[in-house]
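Kindly generate the complete structure, drawing on both the sequences and the hints.
4 protein chains.
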Amino acid sequence: MERVLRLVISCPDRVGIVARVSGLLAQYNGSILEANHHADLAQGWFFMRNEIKASSLPFGVEKLAEIFTPIARDLNMTFQVTDTGSSKRIALMCSRDSHCLADILNRWQSGDLPCDIPCVISNHDDLRSLVEWHGIPFFHVPVDPANKQEHFDEIERLIAAHQIDSIVLARYMQIIPAALCHSYPNRIINIHHSFLPSFIGARPYHQAYERGVKLIGATCHYVTADLDSGPIIDQDVVRITHRDLVEDMVRLGKDCEKSVLARGLRWHLEDRVLVHGNKTVIFN
Amino acid sequence: MERVLRLVISCPDRVGIVARVSGLLAQYNGSILEANHHADLAQGWFFMRNEIKASSLPFGVEKLAEIFTPIARDLNMTFQVTDTGSSKRIALMCSRDSHCLADILNRWQSGDLPCDIPCVISNHDDLRSLVEWHGIPFFHVPVDPANKQEHFDEIERLIAAHQIDSIVLARYMQIIPAALCHSYPNRIINIHHSFLPSFIGARPYHQAYERGVKLIGATCHYVTADLDSGPIIDQDVVRITHRDLVEDMVRLGKDCEKSVLARGLRWHLEDRVLVHGNKTVIFN
Amino acid sequence: MERVLRLVISCPDRVGIVARVSGLLAQYNGSILEANHHADLAQGWFFMRNEIKASSLPFGVEKLAEIFTPIARDLNMTFQVTDTGSSKRIALMCSRDSHCLADILNRWQSGDLPCDIPCVISNHDDLRSLVEWHGIPFFHVPVDPANKQEHFDEIERLIAAHQIDSIVLARYMQIIPAALCHSYPNRIINIHHSFLPSFIGARPYHQAYERGVKLIGATCHYVTADLDSGPIIDQDVVRITHRDLVEDMVRLGKDCEKSVLARGLRWHLEDRVLVHGNKTVIFN
Amino acid sequence: MERVLRLVISCPDRVGIVARVSGLLAQYNGSILEANHHADLAQGWFFMRNEIKASSLPFGVEKLAEIFTPIARDLNMTFQVTDTGSSKRIALMCSRDSHCLADILNRWQSGDLPCDIPCVISNHDDLRSLVEWHGIPFFHVPVDPANKQEHFDEIERLIAAHQIDSIVLARYMQIIPAALCHSYPNRIINIHHSFLPSFIGARPYHQAYERGVKLIGATCHYVTADLDSGPIIDQDVVRITHRDLVEDMVRLGKDCEKSVLARGLRWHLEDRVLVHGNKTVIFN
Numbered sequence: 001m002e003r004v005l006r007l008v009i010s011c012p013d014r015v016g017i018v019a020r021v022s023g024l025l026a027q028y029n030g031s032i033l034e035a036n037h038h039a040d041l042a043q044g045w046f047f048m049r050n051e052i053k054a055s056s057l058p059f060g061v062e063k064l065a066e067i068f069t070p071i072a073r074d075l076n077m078t079f080q081v082t083d084t085g086s087s088k089r090i091a092l093m094c095s096r097d098s099h100c101l102a103d104i105l106n107r108w109q110s111g112d113l114p115c116d117i118p119c120v121i122s123n124h125d126d127l128r129s130l131v132e133w134h135g136i137p138f139f140h141v142p143v144d145p146a147n148k149q150e151h152f153d154e155i156e157r158l159i160a161a162h163q164i165d166s167i168v169l170a171r172y173m174q175i176i177p178a179a180l181c182h183s184y185p186n187r188i189i190n191i192h193h194s195f196l197p198s199f200i201g202a203r204p205y206h207q208a209y210e211r212g213v214k215l216i217g218a219t220c221h222y223v224t225a226d227l228d229s230g231p232i233i234d235q236d237v238v239r240i241t242h243r244d245l246v247e248d249m250v251r252l253g254k255d256c257e258k259s260v261l262a263r264g265l266r267w268h269l270e271d272r273v274l275v276h277g278n279k280t281v282i283f284n
Numbered sequence: 001m002e003r004v005l006r007l008v009i010s011c012p013d014r015v016g017i018v019a020r021v022s023g024l025l026a027q028y029n030g031s032i033l034e035a036n037h038h039a040d041l042a043q044g045w046f047f048m049r050n051e052i053k054a055s056s057l058p059f060g061v062e063k064l065a066e067i068f069t070p071i072a073r074d075l076n077m078t079f080q081v082t083d084t085g086s087s088k089r090i091a092l093m094c095s096r097d098s099h100c101l102a103d104i105l106n107r108w109q110s111g112d113l114p115c116d117i118p119c120v121i122s123n124h125d126d127l128r129s130l131v132e133w134h135g136i137p138f139f140h141v142p143v144d145p146a147n148k149q150e151h152f153d154e155i156e157r158l159i160a161a162h163q164i165d166s167i168v169l170a171r172y173m174q175i176i177p178a179a180l181c182h183s184y185p186n187r188i189i190n191i192h193h194s195f196l197p198s199f200i201g202a203r204p205y206h207q208a209y210e211r212g213v214k215l216i217g218a219t220c221h222y223v224t225a226d227l228d229s230g231p232i233i234d235q236d237v238v239r240i241t242h243r244d245l246v247e248d249m250v251r252l253g254k255d256c257e258k259s260v261l262a263r264g265l266r267w268h269l270e271d272r273v274l275v276h277g278n279k280t281v282i283f284n
Numbered sequence: 001m002e003r004v005l006r007l008v009i010s011c012p013d014r015v016g017i018v019a020r021v022s023g024l025l026a027q028y029n030g031s032i033l034e035a036n037h038h039a040d041l042a043q044g045w046f047f048m049r050n051e052i053k054a055s056s057l058p059f060g061v062e063k064l065a066e067i068f069t070p071i072a073r074d075l076n077m078t079f080q081v082t083d084t085g086s087s088k089r090i091a092l093m094c095s096r097d098s099h100c101l102a103d104i105l106n107r108w109q110s111g112d113l114p115c116d117i118p119c120v121i122s123n124h125d126d127l128r129s130l131v132e133w134h135g136i137p138f139f140h141v142p143v144d145p146a147n148k149q150e151h152f153d154e155i156e157r158l159i160a161a162h163q164i165d166s167i168v169l170a171r172y173m174q175i176i177p178a179a180l181c182h183s184y185p186n187r188i189i190n191i192h193h194s195f196l197p198s199f200i201g202a203r204p205y206h207q208a209y210e211r212g213v214k215l216i217g218a219t220c221h222y223v224t225a226d227l228d229s230g231p232i233i234d235q236d237v238v239r240i241t242h243r244d245l246v247e248d249m250v251r252l253g254k255d256c257e258k259s260v261l262a263r264g265l266r267w268h269l270e271d272r273v274l275v276h277g278n279k280t281v282i283f284n
Numbered sequence: 001m002e003r004v005l006r007l008v009i010s011c012p013d014r015v016g017i018v019a020r021v022s023g024l025l026a027q028y029n030g031s032i033l034e035a036n037h038h039a040d041l042a043q044g045w046f047f048m049r050n051e052i053k054a055s056s057l058p059f060g061v062e063k064l065a066e067i068f069t070p071i072a073r074d075l076n077m078t079f080q081v082t083d084t085g086s087s088k089r090i091a092l093m094c095s096r097d098s099h100c101l102a103d104i105l106n107r108w109q110s111g112d113l114p115c116d117i118p119c120v121i122s123n124h125d126d127l128r129s130l131v132e133w134h135g136i137p138f139f140h141v142p143v144d145p146a147n148k149q150e151h152f153d154e155i156e157r158l159i160a161a162h163q164i165d166s167i168v169l170a171r172y173m174q175i176i177p178a179a180l181c182h183s184y185p186n187r188i189i190n191i192h193h194s195f196l197p198s199f200i201g202a203r204p205y206h207q208a209y210e211r212g213v214k215l216i217g218a219t220c221h222y223v224t225a226d227l228d229s230g231p232i233i234d235q236d237v238v239r240i241t242h243r244d245l246v247e248d249m250v251r252l253g254k255d256c257e258k259s260v261l262a263r264g265l266r267w268h269l270e271d272r273v274l275v276h277g278n279k280t281v282i283f284n
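If you read the protein sequences in the order shown, they are chains A, B, C and D. For the first sequence, the positions run 1 to 284 when the UniProt record's numbering is used. For the second sequence, the positions run 1 to 284 when the UniProt record's numbering is used. For the third sequence, the positions run 1 to 284 when the UniProt record's numbering is used. For the fourth sequence, the positions run 1 to 284 when the UniProt record's numbering is used.
One or more of the hints may lead you astray.
Stated by the list, open to error - For the chain A half of the interface with chain C, some residues (derived, Cβ under 8 Å), not all of them:
hint : residue
1    : 16
2    : 19
3    : 22
4    : 23
5    : 29
6    : 31
7    : 35
8    : 37
9    : 54
10   : 56
11   : 57
12   : 58
What the hints assert, rightly or not - Derived pair list, reagent style EDC-like, types lysine to aspartate or glutamate, alpha-carbon separation capped at 20 Å:
hint : chain 1 : residue 1 : chain 2 : residue 2
13   : B       : 279       : A       : 248
14   : B       : 53        : D       : 40
15   : D       : 53        : B       : 40
16   : A       : 279       : B       : 248
17   : A       : 279       : C       : 34
18   : B       : 279       : A       : 247
19   : D       : 279       : B       : 34
20   : A       : 53        : D       : 248
21   : C       : 279       : D       : 210
22   : D       : 279       : C       : 248
23   : A       : 53        : C       : 40
24   : A       : 53        : C       : 13
25   : B       : 53        : C       : 248
To be verified - Derived CB-CB ranges, DEER-like:
hint : chain 1 : residue 1 : chain 2 : residue 2 : range
26   : A       : 163       : D       : 87        : 45 to 51 Å
27   : A       : 87        : B       : 200       : 42 to 48 Å
28   : C       : 178       : B       : 241       : 34 to 40 Å
29   : C       : 15        : D       : 277       : 56 to 62 Å
30   : D       : 163       : C       : 284       : 35 to 41 Å
31   : C       : 15        : B       : 241       : 26 to 32 Å
32   : C       : 135       : A       : 110       : 34 to 40 Å
33   : A       : 146       : B       : 72        : 55 to 61 Å
Calculated directly from the structure, the hints in this document are not laboratory data. Using N, Cα and C, we set each Cβ at its ideal position, and we do this for glycine too.
Now the structure itself:
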């Protein structure tokens, strides 16, 4: 796979942004492999993502950031430069259900998910063997309902120790404290087992069964301090019928959950998800 | 098209229901073209729908009802017998948007919707020409916000005068009064332009835009006195992106609305929708 | 709706294309509302589409083409400039089935399809009244199987007389002669009632029924001299079951046909479809 | 989970079949949990599946078969009686790709697939560790292109030795010899990585890329001696764009393959798939 530098930008919209950015890249002979723009006219905001062939540039990611900084300052940009040569470091968190975890691990092992997974953390010990078979360290951090603080202190310590970029909640069934959310803004990904904003909170399949909906869904979103209300990355649905009981929904929903989570995670890893306010721009 | 009698049943579940019903039909040489059963074990309730070739029976719908009554009484059944030889009479109600109305009228005119449409009623006069071109009487019944009662009195009068079986709200934008809901239980069909229970009430596409969902939807349901909360007949979704503004959602949603409404209406016309509590059994 | 100029480009891929194009636009203060790029690395070909706010430029479409020509020559580009202020002129062709035609006409009448429809041409007279109710001239051009040439001569005459840009075959059931295909390259849009390349040619639903597929589909494509083999614009599918007979597939397929055709037509009208070889790039 | 007996029937259609079958079940107090019928009027054939609560009957599966035999003989039925208390024995066959295999093994381990898996057979040794971690014996049976007969002799020996009911080809990349197909009619399940009948044979994603389709698919079918042409159990599709190269299709298609295969396998295990001619009736 060709090594690629990614330049992801957001800034107030105005005339000439693309010309400035692409002009700079052309000046250094940068070969653009993929480019996406979006102007949110209602918000007056501009978003851009460029994939540049690393071998076409005479320098690497630090120098690219350096030469780009004056433009960014001038145009009031937030920007980020990444290099596909160095993978993001992802911590997976899970509880007892294996479907999302096993799915991500298989994709990772097959080379289909471009990331490192330095650790898996769980409040239960059930999935240790699965994780360790993949050669990944597993940390069992039990939760004491009377003292959740200790649990999350230990998690924060593990995440720091493993130099984690982003956290994936692969059906981890605890609510993340606001402080942790704030420490990793738009870097904690959750899969919620409903088509949000329907059925926020606990037991969404039970809620769906009670309401008699004809489609159930799953939502991949960034975690904020506001439960199940963070920016949505992706969603999908699966058709059900009157014959499906809650346990059937749970089973059918698993397929939806794992594919939506994998898709959202992949886009996150490839820097395709830009957040503005509580909404996402997805450059896919 | 072969003429068919339909026998639709719901009753407390117990052993031997199918044997009793199918035994009776066999006794009169009734040829079953399609049969569906459903036992809701949680509720202890049984549902059944039979399509019987009319020409295989030595009698018609009244006599079938008569010979079936003792079994129904015995097994505590609610049942209904209909004959595809006599179509249901449907009143369509609309406001200004033509997409659902035009779609239903085209299906009806093409012979794809087995019903009569004796009248279309609207609080605006905009769609008169479209309706009349199809040879259907159009009634303009304006709404005075200060006196909605008069509007609905006139509607009830028209519905009674045209011996209407069921009412279809094809993007009719007024809330139906509780009294009218009670008069036509499970016989008023609405299309709501969201994936219920998300975005109940007014301007659902605006709500969807604000929340940043990645799929928008439409829900076909029976109207009850509780706004947008009646039994769901069918739902579907369509994918959107960050590029879609509210007006794009409105446009994309139209396709979803018209296909979901047409599907739900068709099932209703074919007696495939059985309501129990606030949920539906769909024998399709 | 804001007036927009569209600049659509394809050319051999090389470094600096975006810089040149966006530099030129920025020089004249052109405000880019939407931009899409695609580099086909296998073919070494580059595709680009820009929407520029018309009011931001000091000139119109002819002058934009003029100042762009030197760049285009320099970079060996094919390009096209259009102005949303002047709509494309579309001829619809149909036979007896009304579903696609009625659907397009309703979208057009509702202002959802940005085009003019100067005429509808059919080999049958059945749909005359529907068309004329929409205020559009209808031309009945019968086909004599023994002399199809006359039929198509008359069609070519009508198309020329009405200064037609593109032709939409809305379930027009005749094979278009090669000469006509060549006269309107990538400007004749067909809806085929199967998921191509499955079930090319006649009676695709019968073929689907025989094979026992579980999904049926529809394909919108540009017409070439090679039957049902032109560049695909869009496709979709609908689920069927063992209960569905050919006539059910025909009915279910109609929904698929009309939505796929409308989507493909819309993209064509908005210059979102770029053809390279026998494949399309869709900038949507 | 409640133990259930399943009675699956197919026979020439005639009046009174349901009455006879349900009458017999009622006579022994059999409580029907789920029932499905289908009359194929074109073929004059009738299909039926009943799930009977095991505890409601005074006998087991052998006795049920015994008392049912006279009716079956009388009505010229093919029938099958199974007991959910004894699981089907499935052999999985794979090559090098792990996605379908890992997915099935995770479902099985989670208790979501009601079967036993006594062995996995592969022509490569790559997936041994994955299989053995699940506690299942793995047999590496290499293929010598010059002598495939030996390979399949050994496979037949393993299948016989493990008393296998049905075989699942989880991306096993060899063509099954006609003799083996005939030995296990409607008991060898394959997942083909295209939307059949499009792209039969080798490298379907390459074929799809060449044709420029906008959806790719997967098909789960029973294997017959005629390559990729056996009765279709299930199909699904996933949307692609002009940006997707063959390797993207391979990756995106994996999700489709694994969910379609799992769904088809589940229906097979639950005796929901009835084959008539080259088509399936799916009672789900």
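Which numbered hints are broken by the structure, listed smallest first?
9, 11, 12, 30, 32
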